[in-house]
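Residue numbers (my numbering), protein chains in the order written: chain A, 1 to 896; chain B, 1 to 896.
It is possible that some hints are incorrect.
If chains are identical, the list can't say which one is meant, so a pair holds when it fits in one copy or spans any two.
[What the hints assert, rightly or not] Listed next, the in silico DSBU-like pairs over lysine-lysine satisfying Cα-Cα at most 30 angstroms (straight line): (1) Lys-796 - Lys-176; (2) Lys-796 - Lys-186; (3) Lys-858 - Lys-532; (4) Lys-712 - Lys-274; (5) Lys-532 - Lys-375; (6) Lys-147 - Lys-260; (7) Lys-867 - Lys-223; (8) Lys-186 - Lys-789; (9) Lys-161 - Lys-848; (10) Lys-617 - Lys-789; (11) Lys-337 - Lys-207; (12) Lys-112 - Lys-872; (13) Lys-856 - Lys-529; (14) Lys-147 - Lys-205; (15) Lys-872 - Lys-223; (16) Lys-223 - Lys-186.
These are calculated hints, taken from the structure and not from any lab test.
These figures come from a predicted structure and were not determined experimentally.
2 protein chains.
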Amino acid sequence: MKTLYAADGSDLHPHFGPYFSDGKRRVDYVLAYQIQKPNTVRKPSPKFGENNFIRRLRRSISMRSSRAPLQPKEDPEITAQEHQTDYHEDDKRFRRDEYEENLLETGLELEKDEGSKIPGIGFLKIHAPWHVLCREAEFMKLKMPTKKVYDVKQGGNVVEKVRLFIHKVTAPLHPKVDVSHPHSVKSLSHPFSREKQHLFDLSDKNKFFDSTTRSSIVYEVLKRTRCTKAKYSMVLYSYIPFVVLQLLYEEWASYSVFYKYQPIGLIRKYFGEKVGLYFAWLGVYTQMLIPAAIVGVIVFLYGCATVDENIPSMEICDPRNNVTMCPLCDQACSYWKLVTACGTARASHLFDNPATVFFSIFMALWAVLFMEHWKRRQMRLNYIWDLTGFGEEEEVSVRNVKKNKASPDHSHICLFYLYVFKYNHVLAPTQSLDEKVKLTCSDRLPAYMTTVVMMCLMISVTFAIVFGVILYRISIKAALHMSSYPAARSNIRATVKTTAAIINLIIIIIMDEIYAAIARWLTTLEVPKTDKSFEQRLIFKTFILKFVNAFTPIVYLAFFRGRLVGRPGKYLYVVGSYRMEECAHSGCLMELCIQLCITMLGKQLIQNNLFEIGIPKIKKLLRQRKSEMDTKQEEELNKTLRRHEKDHFLGPFIGLNPEYMEMIIQFGMVTLFVASFPLAPLFALLNNIIEIRLDAKKFVTELRRPIAAKAKDIGIWYNLLRGLSKVAVIVNAFVISFTSDFIPRLVYQYTYSPDGTLHGFTNHTLAFFNVSDFQPGTDPLEPMHLGYKVDMCRYKDYREPPWSTTPYDFSKEFWAILAARLAFVIVFQNVVMLMSDFVDWLIPDIPKDISLQMHKEKILMVELFMKEEQGKRLTMRERNTPQQPRSRPNSHTNCV
Amino acid sequence: MKTLYAADGSDLHPHFGPYFSDGKRRVDYVLAYQIQKPNTVRKPSPKFGENNFIRRLRRSISMRSSRAPLQPKEDPEITAQEHQTDYHEDDKRFRRDEYEENLLETGLELEKDEGSKIPGIGFLKIHAPWHVLCREAEFMKLKMPTKKVYDVKQGGNVVEKVRLFIHKVTAPLHPKVDVSHPHSVKSLSHPFSREKQHLFDLSDKNKFFDSTTRSSIVYEVLKRTRCTKAKYSMVLYSYIPFVVLQLLYEEWASYSVFYKYQPIGLIRKYFGEKVGLYFAWLGVYTQMLIPAAIVGVIVFLYGCATVDENIPSMEICDPRNNVTMCPLCDQACSYWKLVTACGTARASHLFDNPATVFFSIFMALWAVLFMEHWKRRQMRLNYIWDLTGFGEEEEVSVRNVKKNKASPDHSHICLFYLYVFKYNHVLAPTQSLDEKVKLTCSDRLPAYMTTVVMMCLMISVTFAIVFGVILYRISIKAALHMSSYPAARSNIRATVKTTAAIINLIIIIIMDEIYAAIARWLTTLEVPKTDKSFEQRLIFKTFILKFVNAFTPIVYLAFFRGRLVGRPGKYLYVVGSYRMEECAHSGCLMELCIQLCITMLGKQLIQNNLFEIGIPKIKKLLRQRKSEMDTKQEEELNKTLRRHEKDHFLGPFIGLNPEYMEMIIQFGMVTLFVASFPLAPLFALLNNIIEIRLDAKKFVTELRRPIAAKAKDIGIWYNLLRGLSKVAVIVNAFVISFTSDFIPRLVYQYTYSPDGTLHGFTNHTLAFFNVSDFQPGTDPLEPMHLGYKVDMCRYKDYREPPWSTTPYDFSKEFWAILAARLAFVIVFQNVVMLMSDFVDWLIPDIPKDISLQMHKEKILMVELFMKEEQGKRLTMRERNTPQQPRSRPNSHTNCV
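This is chain A alone, in the form it adopts within the complex (with noise of 0.2 angstroms):
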């Protein structure tokens, strides 16, 4: 009796650690919950009497109907044990017991721990006997290795030998983890059934359901029991042994091993298939970052070493082309000299040149090979994994629509087998799904109008926040070039440009996460069915503003700044008298480069350093704070708490979105401007290889071990990587041909150029301005600044020259250039698509091996049956005439 609810600490002895107190049955699932202090506890209640008498006489009924382990409370201590002081208090516990009644009603079997040294949390350990495991897992067609056994062969020999040489070259990236079966030999799945017993091999039933799937196992029961409003904070103990634990930690949460493969069978071993994916879909990606690293600094390097060759910038830095070029704003600047552009001509150079649209080709068709191989990768783990088949069950959920905190972690048990929460406290299933025909269309409108109207408020307040620093920008540049200091004014563009870089990275970083709770809230405003649609919708929004608010000022940098400027003598001014901001004389393409630049370092150092280690670190000491106890008693506390005690004190599982948004959002970056900054993918490289060992810590040493979800793939982000990697094409086709002077060269090369070389390029480049069609008040005030009167000054446009009969207006190049650059914009997306579509269709998504096995094993599972059926048939024959009267006895009279 006293062992139930073991307050005696038997139970801490290392041997019954996993085990209920009777050291038999195993812990499959810890529930944990409130409870008042132990101070206040001891006294019992004599108003509630008849409460009492009530549910006494309801838990014997249930008793007698479900023979459940949990005892009758009628020990007099426990029985004053379990009546709170506290009217809410008591209403809670009799919600919970209702809870557990209807658990042990399910077969479960409970015991509860009350007595932990963490005062006023109680633990309900639940363990899952042989036949409700059974019997979930026929209901949940799990698929379980069967007996029999076959050999899988790798194909012919010579492949086999190139596969085993592989291997072995490649066997130090292997973690050291003990593979539990050959590779050779793989046993035949088959959904488990109790009537095909016979068929799994059950010589040792504690072992046959895995630590994993029985936790799964018990937690669908939880699921699906129906409660009125207990509240459990769950805290799955983790009985995986230390051993493991310790191999997880040494061969993949650390950063000495960061050169290996993760060791992605154990991991989904130990936290589901979900975590398992995301994981190995990180380390694909991180792998397939490799080549396209290398190739970017390939491509950067053949920027550097070409860079002494390169005719235009040679011309700009030849002081002998004395071209004297229009003053870069009005009045306070004056005329200036081309040369003075040299260094930044040259430094373009290096993100302008042939290489970069070979590079983003390249890129193109890597993202379509990343996602092949990804398929593949998927396909080859469904199968290992025993997943082939799994439909992914639209979960029948319950969304948790209290209003704190509507998170979709599944931290808060119970959950309803319905959604139905909000309108009724107990309802069965068939009766809650007509409840959700009640919340109609217009039920949802408001909600709807709501996200609407704040997803388009917050996309406005991006662009008004990058129109706010550009103005910033502008603002200060004036204000820097009017001042009288010169040492002010040689600084300018340095100045500017990175506090301004700076102001932008903050402003994302800070509305990053303020977009994250806006996406949340609307979210939980329109009260989504199910989990699923939850999530899906909750992705959808964060990746929209988060995606808008990172991208948005790259966008303007890229395609807008310096094409709205006007040309000299007709400016374009905006917010009274400032002109728009225009880009350096060779393009924008090196400021774009400097921004993505930060933004990818920066983001990805912060948030890492920040967000991901920094505040679990305060979150957790805080918690610790809150306990109220000193480090030092802690301390010694921690040695003597039980497993699922020192659990408690970790974080809860938040689910893998931020994780994957994050890389969402870096991918973006990595494909979307490759055009203009070859280095990305090795900036990605270097920020994941850190990740995987960063989010592999997280999981492994602070968070509660998450519930195993079983997944076939990573759902909606295959689907926006999809749409990522569409839109990245046309984006830079539109780089390439609109940023960069890559055309406008090509052109000037093949048409214009007497010689069929570059030179003269940058005077073809150049038009005429006479000076004395400045707009008055406009032209400069040290008209003699370099030393010599102006008459005509030039700026960096294609138009007709002041002599011309339509002087100023665009001219025939300036036509015949755009038509190429559209052109190839045209040529570029429909050609890249088409490789990308071909490349799609010439790699099958399904590995040639995994269908020849899978084959194979449909082959044997037919050959398994018709042996079967042959034996049924013999047996059957024997006593089976008399049974089958209708449609035997005709085939009978014909035989005779």
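Fit chain B to the supplied structure of chain A, relying on the hints for placement.
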């Protein structure tokens, strides 16, 4: 005894029609085979006594083990009958016997019928007894309706009312077919399992499996049964009552019901899911064509209505605009007046007006809507037909690798369980799996190389033919121009166009047939592994060839004709001295339209009438003549023939691929160049209304009943449709911007026009040419043809005038308009693609009511099983304690 090889005609009695001669066992399948003519049969061949002995021994052994209803052939008459004088014939018979024994082994029951009215043909009737049906249904995981019935709610009150109203209004459109169960009630389906027999309503075992299911079960068994080489020609006995056939004929296969929906449920019941899906698809396509046709007609009428307000054609037709045009050919032609092009200019407006742009955007979205609509319809059918969850298994079936007729129809049984025919005669499945690896890449390389080379060759042949037609046109035109008969000269254009278009059409139709044969041959060469792969490869090849064949002349007209002409004084010449073709003054759009019209109409009329009606009739005639009877005798015989004997004279079912292919090419015509021919949907609609009933007639009356193949979707055709609608977007973008005058008009109106209207557009599009710049020998022979001396003639192009600094170069307008055209392509393509993706994303793939219902079913299923579990637990509890000694006692010790 005698009844088994019933030659006594006892089953001619109508009552026994679809039954074995005992009148009790249903005929589920009939196989036909060649036997020696009856007159040579009845002589026993003593030579093969030993052979016979072995066979008899073998049979008696097999008899003992299988308790088959086919009795041993001790009857001397029958024994005599089964021997053939011919060795080859005997060998065949031996193999057939072996196959039949194998069939008996599987539990099927057989009845032979060699004494039929048709000499030389024997029939093997097959009956599947109840236990075989159950076994195979469980094995095939067939979903069958359970006893559990539930109400189908169609949504709220308003929704329900609207639905009823719509149903009432469309009542005359629905075929008068009795619905077997009311729509408001549906029974829950579950994969059949013998262990769960209690779930199903087995009160009438004869009706539980319907005839289609029964025959497909038998077909599965036939496919699986191993045999050496017995060759059967398959006739499936159509034992659906004559009433149903009549119903199908009246409510479906008749032109008088052309306006009605098709009885899809009935079609599926009679012909299986695959055929049902084809007709459902054809129905959806035809239905979707109605709005497209209406909008198309409106667009066309808009063109007709505005033809008098069209300023450019008014300007051309105005004789006051005295424009002298440059000659259309060298020497023979002279200058001409623009006003003579008035007719074509007015006609062009019909197809080249702003409404066309709207229409092609509309059609792009229409295509997406069509796909979405189909996806939903397919889902609904899948649900109604209980196909959800049915995994389309890659069939491990045989390819019939005979050289002469390797058709993918299953008209020849026995197929092998694996495709190993070629290598070895009898192989166990596992053996053959290893066998498969033998055909390595290097074995396949020659076939693949041949395929690639042949495909390239065929495509170049198509190009050559098109070029040939062009040359024909050019040369005939030149010849006619030179001829001295004025009558000939006046009819030049009409003559040339008509003959060329007819030649084109004839060539397309002839080449279509040739290409189909070549594609089949090439696919046979490749020896694909499975039937499915064979089909896919064949479709892919045929599609490419037919598509290229049909669209090359059209693509040439749309995008190349008139572009490679050169300019006066510098024309482009081909094959000696022929000038390349020019378009009429108002662009090639009209000619494109005529070509499309002729191709569509001609192809559909000729192919429908000739190939689909004519040739089958001729074939039938030939077959009948072959059987050497005159018509009178035949008619008399026809009355006495049993159904399977009649069916023997019908054509075999050769698959749905030709039907699909025809429709896909038509879909291409409708979507690809819709910008140039808004009446295309109307033509397609008219054709399809006939096509549905024509195909229906063919299926009901002229073909043997096909195997009821299960299919969840229309397979590769869906991908082809998707691909086509993607290509359509870009093609239409190019047609609008390059083939039509839409963009130049727009640019003129908003940029160059002095008053914002199109006045002056015609003048703007005409460049000047100084007649003194003609190349020597190309100037007109009759320069005074118009009655005055010409110094300057005009031609349609954007080029600099002779008096500019760069005479005859492309002008600034040319480049500006080119840029506008290209920009339009980019905008159009991306906007339409985005809209399509948006529509795709907006419309859920699964209709809401279906997903609700599926959800409800899932819950009901859970409830059903939970109840069952509870029942089981209660019964188990009474006897369980001693049975589960390992897991239960623990809980008991605790309970005490």
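Consistency of the hints with the structure:
1. In this assembly of identical chains, the alpha carbons of Lys-796 and Lys-176 never lie at most 30 angstroms apart, being 61 angstroms within a copy and 76 angstroms across copies at closest.
2. For the identical chains of this complex, Lys-796 and Lys-186 are neighbours neither inside a copy (69 angstroms) nor across copies (74 angstroms), given an alpha-carbon limit of 30 angstroms.
3. Proximity of Lys-858 and Lys-532 under a CA criterion of 30 angstroms is satisfied inter-copy only: 17 angstroms between copies versus 32 angstroms inside one chain copy.
4. For the homomeric pair Lys-712 and Lys-274, the shortest alpha-carbon distances inside one copy (8 angstroms) and between copies (29 angstroms) are both at most 30 angstroms.
5. In this assembly of identical chains, Lys-532 and Lys-375 lie within 30 angstroms of each other by CA distance both inside one copy and across copies; the values are 22 angstroms within and 22 angstroms between.
6. For the homomeric pair Lys-147 and Lys-260, neither the shortest alpha-carbon distance inside one copy (34 angstroms) nor that between copies (57 angstroms) is at most 30 angstroms.
7. For a Cα distance limit of 30 angstroms, the shortest separation of Lys-867 from Lys-223 across copies, 18 angstroms, qualifies, whereas the shortest one inside one copy, 40 angstroms, does not.
8. In this homomeric assembly, Lys-186 and Lys-789 never come within 30 angstroms of each other (Cα to Cα): the closest approach is 88 angstroms inside a single copy and 94 angstroms across copies.
9. With identical chains, the CA atoms of Lys-161 and Lys-848 are at most 30 angstroms apart within one copy only, with a shortest distance of 17 angstroms there and 53 angstroms across copies.
10. Proximity of Lys-617 and Lys-789 under a CA criterion of 30 angstroms is satisfied in neither setting, with 66 angstroms inside one chain copy and 96 angstroms between copies.
11. For the homomeric pair Lys-337 and Lys-207, neither the shortest alpha-carbon distance inside one copy (81 angstroms) nor that between copies (96 angstroms) is at most 30 angstroms.
12. Within a single copy, Lys-112 and Lys-872 get their C-alpha atoms only as close as 48 angstroms, which misses the 30 angstroms cut-off; across copies the closest is 29 angstroms, which meets it.
13. In this assembly of identical chains, the alpha carbons of Lys-856 and Lys-529 lie at most 30 angstroms apart only when taken from different copies (14 angstroms versus 41 angstroms within one copy).
14. For the identical chains of this complex, Lys-147 and Lys-205 are intra-copy neighbours only, at 14 angstroms inside a copy versus 36 angstroms across copies, given an alpha-carbon limit of 30 angstroms.
15. For the identical chains of this complex, Lys-872 and Lys-223 are inter-copy neighbours only, at 22 angstroms across copies versus 39 angstroms inside a copy, given an alpha-carbon limit of 30 angstroms.
16. Proximity of Lys-223 and Lys-186 under a CA criterion of 30 angstroms is satisfied inter-copy only: 29 angstroms between copies versus 33 angstroms inside one chain copy.
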